[in-house]
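Participant: Sequence:
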Amino acid sequence: MNLSTGIDLIETERIAATIERHGERFLQRVYTEREIADCAGRIESLAARFAAKEAVAKALGCGIGDIGWQEIEVQRNAKRAPKLILSGEAARLAKKVELKTWSVSLSHSQSHAIAMVVGIG
1 MNLSTGIDLI
11 ETERIAATIE
21 RHGERFLQRV
31 YTEREIADCA
41 GRIESLAARF
51 AAKEAVAKAL
61 GCGIGDIGWQ
71 EIEVQRNAKR
81 APKLILSGEA
91 ARLAKKVELK
101 TWSVSLSHSQ
111 SHAIAMVVGI
121 G
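Straight run, no breaks: the sequence shown in this note's numbering ends on number 121.
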């Protein structure tokens, strides 16, 4: 069995400041349309998804740049729990390193957001 983990912690103020500086350009570069709609402008939710994307890159053993921000999407299942959807180069790399099943956990406070991911193959 193949197992890989990634974790990332980010200050929510960092995301808020970046949105204030770059607005829609930043949002559309990092998040999918569905993620933007699901978060409905909640900075803490956007920060948690940003952390999840970074955590996935760590679990894949690469960085953002090797894979695109929008190739990692955090959706919600029927019970509103987060789930990961990989596409493009992120999906190809996951297949190459034999990671087929993903689990993601998100949490945030007013000041920080954290994400942990586990890939299993």
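These aren't lab readings, by the way, just hints derived from the structure by calculation.
Be careful, since some hints might not be right.
Claimed, not checked - In the BS3-like style, the derived pairs of lysine-lysine whose C-alpha atoms are separated by at most 30 Å in a straight line are:
| id | residue 1 | residue 2 |
| --- | --- | --- |
| 1 | Lys-100 | Lys-83 |
| 2 | Lys-100 | Lys-58 |
| 3 | Lys-79 | Lys-95 |
| 4 | Lys-58 | Lys-96 |
| 5 | Lys-58 | Lys-83 |
| 6 | Lys-58 | Lys-95 |
| 7 | Lys-83 | Lys-96 |
| 8 | Lys-100 | Lys-79 |
| 9 | Lys-83 | Lys-95 |
| 10 | Lys-58 | Lys-79 |
Participant: Which earlier hints turn out false for this structure, listed by number in ascending order?
Facilitator: Failing hints: none at all.
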